[in-house]
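Trainee: Build the full structure now, drawing on both the sequences and the hints.
2 protein chains.
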Amino acid sequence: MAQILPPGLTASDFAKALAEFKAAVGEDWVFSSEEDLETYRDPYSLRWGDPDEYLASAAVAPDTVPQVQAIVRTANKYRIPLYPISTGKNLTYGAAAPTFTGSVVLDLKRMNRILKVDDKRNFALLEPGVSYFDLYRHIQDHNLNVWVDTPDPGWGSPIGNALDHGVGYTASPFRDHFGSHCGMEVVLPTGEVMRTGMGALPTADSWQDYRYGVGPYVDGLFSQANFGIVTKMGFWLYPRPETWFSASALVPRFADLQGLIEEVSYLEDSHLMTGQAIYSSPAGPAPGAAVSAGLTALMAHGWPTRDDIDTFIKKQGVPAWRVKLQFYGPEKTVRANWEYAQERIRKAIPGATFEEGELLRMPLTPEQQKTHHLVNFGIPNMAIYSMIERRESDRFNPPQGHVDFLCILPRSADAIFRAQKTLYDTQKSMGVPAVTTPFGGPITWYHRAFLIGAPTTANYRDDREKNKQSRAVFAAYIKNMAAAGFGEYRTNSAMQDLLVAQFSFNDHALLRFQERLKDAADPNGIISPGRYGIWPRHLRKEKK
Amino acid sequence: MAQILPPGLTASDFAKALAEFKAAVGEDWVFSSEEDLETYRDPYSLRWGDPDEYLASAAVAPDTVPQVQAIVRTANKYRIPLYPISTGKNLTYGAAAPTFTGSVVLDLKRMNRILKVDDKRNFALLEPGVSYFDLYRHIQDHNLNVWVDTPDPGWGSPIGNALDHGVGYTASPFRDHFGSHCGMEVVLPTGEVMRTGMGALPTADSWQDYRYGVGPYVDGLFSQANFGIVTKMGFWLYPRPETWFSASALVPRFADLQGLIEEVSYLEDSHLMTGQAIYSSPAGPAPGAAVSAGLTALMAHGWPTRDDIDTFIKKQGVPAWRVKLQFYGPEKTVRANWEYAQERIRKAIPGATFEEGELLRMPLTPEQQKTHHLVNFGIPNMAIYSMIERRESDRFNPPQGHVDFLCILPRSADAIFRAQKTLYDTQKSMGVPAVTTPFGGPITWYHRAFLIGAPTTANYRDDREKNKQSRAVFAAYIKNMAAAGFGEYRTNSAMQDLLVAQFSFNDHALLRFQERLKDAADPNGIISPGRYGIWPRHLRKEKK
Numbered sequence: 001m002a003q004i005l006p007p008g009l010t011a012s013d014f015a016k017a018l019a020e021f022k023a024a025v026g027e028d029w030v031f032s033s034e035e036d037l038e039t040y041r042d043p044y045s046l047r048w049g050d051p052d053e054y055l056a057s058a059a060v061a062p063d064t065v066p067q068v069q070a071i072v073r074t075a076n077k078y079r080i081p082l083y084p085i086s087t088g089k090n091l092t093y094g095a096a097a098p099t100f101t102g103s104v105v106l107d108l109k110r111m112n113r114i115l116k117v118d119d120k121r122n123f124a125l126l127e128p129g130v131s132y133f134d135l136y137r138h139i140q141d142h143n144l145n146v147w148v149d150t151p152d153p154g155w156g157s158p159i160g161n162a163l164d165h166g167v168g169y170t171a172s173p174f175r176d177h178f179g180s181h182c183g184m185e186v187v188l189p190t191g192e193v194m195r196t197g198m199g200a201l202p203t204a205d206s207w208q209d210y211r212y213g214v215g216p217y218v219d220g221l222f223s224q225a226n227f228g229i230v231t232k233m234g235f236w237l238y239p240r241p242e243t244w245f246s247a248s249a250l251v252p253r254f255a256d257l258q259g260l261i262e263e264v265s266y267l268e269d270s271h272l273m274t275g276q277a278i279y280s281s282p283a284g285p286a287p288g289a290a291v292s293a294g295l296t297a298l299m300a301h302g303w304p305t306r307d308d309i310d311t312f313i314k315k316q317g318v319p320a321w322r323v324k325l326q327f328y329g330p331e332k333t334v335r336a337n338w339e340y341a342q343e344r345i346r347k348a349i350p351g352a353t354f355e356e357g358e359l360l361r362m363p364l365t366p367e368q369q370k371t372h373h374l375v376n377f378g379i380p381n382m383a384i385y386s387m388i389e390r391r392e393s394d395r396f397n398p399p400q401g402h403v404d405f406l407c408i409l410p411r412s413a414d415a416i417f418r419a420q421k422t423l424y425d426t427q428k429s430m431g432v433p434a435v436t437t438p439f440g441g442p443i444t445w446y447h448r449a450f451l452i453g454a455p456t457t458a459n460y461r462d463d464r465e466k467n468k469q470s471r472a473v474f475a476a477y478i479k480n481m482a483a484a485g486f487g488e489y490r491t492n493s494a495m496q497d498l499l500v501a502q503f504s505f506n507d508h509a510l511l512r513f514q515e516r517l518k519d520a521a522d523p524n525g526i527i528s529p530g531r532y533g534i535w536p537r538h539l540r541k542e543k544k
Numbered sequence: 001m002a003q004i005l006p007p008g009l010t011a012s013d014f015a016k017a018l019a020e021f022k023a024a025v026g027e028d029w030v031f032s033s034e035e036d037l038e039t040y041r042d043p044y045s046l047r048w049g050d051p052d053e054y055l056a057s058a059a060v061a062p063d064t065v066p067q068v069q070a071i072v073r074t075a076n077k078y079r080i081p082l083y084p085i086s087t088g089k090n091l092t093y094g095a096a097a098p099t100f101t102g103s104v105v106l107d108l109k110r111m112n113r114i115l116k117v118d119d120k121r122n123f124a125l126l127e128p129g130v131s132y133f134d135l136y137r138h139i140q141d142h143n144l145n146v147w148v149d150t151p152d153p154g155w156g157s158p159i160g161n162a163l164d165h166g167v168g169y170t171a172s173p174f175r176d177h178f179g180s181h182c183g184m185e186v187v188l189p190t191g192e193v194m195r196t197g198m199g200a201l202p203t204a205d206s207w208q209d210y211r212y213g214v215g216p217y218v219d220g221l222f223s224q225a226n227f228g229i230v231t232k233m234g235f236w237l238y239p240r241p242e243t244w245f246s247a248s249a250l251v252p253r254f255a256d257l258q259g260l261i262e263e264v265s266y267l268e269d270s271h272l273m274t275g276q277a278i279y280s281s282p283a284g285p286a287p288g289a290a291v292s293a294g295l296t297a298l299m300a301h302g303w304p305t306r307d308d309i310d311t312f313i314k315k316q317g318v319p320a321w322r323v324k325l326q327f328y329g330p331e332k333t334v335r336a337n338w339e340y341a342q343e344r345i346r347k348a349i350p351g352a353t354f355e356e357g358e359l360l361r362m363p364l365t366p367e368q369q370k371t372h373h374l375v376n377f378g379i380p381n382m383a384i385y386s387m388i389e390r391r392e393s394d395r396f397n398p399p400q401g402h403v404d405f406l407c408i409l410p411r412s413a414d415a416i417f418r419a420q421k422t423l424y425d426t427q428k429s430m431g432v433p434a435v436t437t438p439f440g441g442p443i444t445w446y447h448r449a450f451l452i453g454a455p456t457t458a459n460y461r462d463d464r465e466k467n468k469q470s471r472a473v474f475a476a477y478i479k480n481m482a483a484a485g486f487g488e489y490r491t492n493s494a495m496q497d498l499l500v501a502q503f504s505f506n507d508h509a510l511l512r513f514q515e516r517l518k519d520a521a522d523p524n525g526i527i528s529p530g531r532y533g534i535w536p537r538h539l540r541k542e543k544k
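For the protein sequence lines, the chains are A and B, in the order given.
In terms of the working numbering, the first sequence opens at residue 1 and continues consecutively.
In terms of the working numbering, the second sequence opens at residue 1 and continues consecutively.
Bear in mind the hints are in silico, worked out from the structure with no lab data behind them.
Take the hints with a grain of salt, since some may be wrong.
Same chains, same label: a pair holds when it works inside one copy or across any pair of copies.
As the list claims (entries may be wrong) - Only pairs whose alpha carbons sit at most 27 Å apart, straight line, appear in this in silico DSS-like list of lysine-lysine:
no., residue 1, residue 2
1, Lys120, Lys324
2, Lys370, Lys89
3, Lys347, Lys332
4, Lys428, Lys479
5, Lys468, Lys421
6, Lys421, Lys120
7, Lys347, Lys120
8, Lys428, Lys468
9, Lys89, Lys116
10, Lys541, Lys468
11, Lys421, Lys314
12, Lys315, Lys347
13, Lys22, Lys77
Mentor: What follows is the structure, encoded as structure tokens:
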């Protein structure tokens, strides 16, 4: 592969810039060989091997904030785009690859200090290279009484994940990782260090206790964006609960989903049920299982009517919907809350039935750890990859990687039904297997909104044509779902321009506002050009 | 009083601008007579009657978003500063008066439509002129199953209050009004209308369900700031709980406060106790009561040692600290949580005792409404003013108004003690009654941080000299507390420059960043110059 240069830069100027980077961070921490740069490709790229695959020109790994500043100064001098990553494990969303070819990846993996974990005020202050594993280990080693809320898998970074609006699996509101942050330190595109919230008050010890500080609250600008390089970030932690209790409610009719959602929403919005609600349909295919003959028949003539669905469910003699509730807290509280949940659901939905589940005392025993979804207990792990391995035989089998498509929905059964039909129609029109059925449950990471996704889109490192088709299908999902009122909460770097373009209210007023701010904050446009559709002035295209 | 003109504008140009405003909103809704402008003065001004009192040149009250846009266009044309207010009731923080003399107040009181209240997804979408009373009445009239979280008093606006980082009294997290918002519509300083979050996706019905949308999250820029005019805003609402239960824990020793705080923090951070924790000391003076002879003696030789305090408490034979806990939820849950709270506190703090309180079923009866603090039940009211009346005789008696001073603290007993001593020292050095004692409890509106305040600073409409002294005392509080690590979470308009100046990390990096963004968003500097220390380029002073 030919050497990749930052756009507009000569090889000799680039060599000078690399020399400056080396002077700043040491010879060993600037990477520009083909072999090294291979590790900064996105292994799940939808453009793998294509001329427009996003590729880095180099990578540089600082160890300290002053080193980050020095790198930013050099980048400004030579107009080199920098693409900051934390641990670079954001697979399905672009991983360690930049959003603009020729960028230098600013790899923050060495900045992995756990600066503070307080289990009285229940927070952590971290550097971006800290992984969920690191944080968990620190908590275990120091016998601290707090949990980590970790995504699947656990090798990523709390900072990187939060900045991408990532999510986890324990109690709400901790599952909302950006929403649980408190306080940031940022190296601005100008090279200056800024602290937000109470961090701006030099003597204050409340940086991780109160988030707003005084004046406009700027933290949001650094999420899904390119306004600076976050070098420290605080997180509110969940103090370790005494027990976890799960139990399920089942409702007989397809139309009962709406009532069920309303009752669960009451419990969630009141913080009586803080765990993730897992919706599923006993009438639909089990995860990973083959589609039944009955379901195939139901779907044979296109998207079924609600009457057909009711008949189908009745024939099977199973409840239409199940919701698994997960309660955290002392035993007497979780039992009281479950009793109350049953009362409410029984009263609201005739024919509702209930299944008691397990009550586990924290911490889990090693034996329990083997058989449970560890992320529900704040234990980082890599099991998700072995799950994918195990699913080799199923219909969503991703040969080499996968790209998730997940849209935000209001908490309503009608919205779910409409979203599923839109996905199904898209599959039909794009000539891919129409695998979406009306029986999928919404995902509930964010407890105030639902997520509905298409089956994982595979990418293919060994087949550029198939990858191209995946891109086309993905793009069709984005467009068709947006037309129906549904937008993704995050997306693969190859799709960010397209997704952002759908958020077009009043001639893209939001994006144009963000662009004005971007030009002011980053006059040379050096930080992550193109990330989430925000291009610096000199690279901006006309909006469609 | 001579006519006040926007700075740099001739009387004839101002007359032309007013004519344009009238053309936009109708003759009746532009106010420029002395009598009308009197209502846009801050009745609690710390500069009342002084040459530097903030005064408006006119006020204009639009009824619709296009009218707001027309006003903004005219303001840009003539370079007229606009100061948007919602209901203008932000007393103690500046009320309806601008932060820059000569501004035209943009009075949004006519935009008082309740656009949606959903008691299944539990949110409201409001215009800025809607008051807490309006929203409460709407909910009652439509028999909706949601609560309002209202501050004291209830004539203010949910939007105005949230944008000022205001707070309330029911369950956390709803007490954090800005933190409970979801989705905004903003008229930008350029006159364009923008919607944030899912509102940017034109067809989406999830504007009030998911807040981040896609790309950088800009909402924070519109709080305590001057980046635009919020014309719609969504709020997450608390579904009506079945009961409220209160009970108290008491601990014997002064030093037990730390353990008590830790246990209560556990309950709060776990969402087991979502109501406000009310800390107080039975050894200190009761609210509004005279200081005892014993306390006077304790404080006679300056700030007491911890040993002196212990002796003083022992002599009185009372517990050192009380915390009143407030639980919301079904009866069985709140009783289980209170049992658990007692177990934890008993185990952590030898000698802790407990007092059962009341359990009330919602909604309150009219009889119960007469005897309870209504804001704990989401019922807007004006009782706070009659409370101030009733306290005519006490030592904090505000003759004509008051200005609150409240600083953010970490949740720690040491921080409280240090903050109180700093306030006391300031009172001594400023020659005002040294009324702060070590027995005040922190305020807990934000459940992750404490607030500690100086006794209310009075302002004096009839005595400019005394008002000047109040300003000096207030300024001393700001400076001395900031030096000790404590900063206010909001402040009176006369003090915003000074407060923001304390948040000076790295040569005021945060403020300078905000200024850069301000210049980009509002090139003519027309929106609220000076609000929270952010001045447009042409009015900017050197930072100290």
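Trainee: None of the hints should be skipped; say for each whether it holds.
Mentor: Quick rundown of the hints versus the structure:
no.: 1; hint: Lys120 with Lys324; in the structure: between (31 Å within a copy, 20 Å between copies)
no.: 2; hint: Lys370 with Lys89; in the structure: within (24 Å within a copy, 58 Å between copies)
no.: 3; hint: Lys347 with Lys332; in the structure: both (23 Å within a copy, 17 Å between copies)
no.: 4; hint: Lys428 with Lys479; in the structure: within (15 Å within a copy, 67 Å between copies)
no.: 5; hint: Lys468 with Lys421; in the structure: within (24 Å within a copy, 68 Å between copies)
no.: 6; hint: Lys421 with Lys120; in the structure: between (48 Å within a copy, 23 Å between copies)
no.: 7; hint: Lys347 with Lys120; in the structure: between (40 Å within a copy, 16 Å between copies)
no.: 8; hint: Lys428 with Lys468; in the structure: within (18 Å within a copy, 75 Å between copies)
no.: 9; hint: Lys89 with Lys116; in the structure: within (23 Å within a copy, 41 Å between copies)
no.: 10; hint: Lys541 with Lys468; in the structure: within (23 Å within a copy, 56 Å between copies)
no.: 11; hint: Lys421 with Lys314; in the structure: within (21 Å within a copy, 72 Å between copies)
no.: 12; hint: Lys315 with Lys347; in the structure: within (26 Å within a copy, 56 Å between copies)
no.: 13; hint: Lys22 with Lys77; in the structure: within (15 Å within a copy, 52 Å between copies)
Taken one by one, the earlier hints all hold for this structure without exception.
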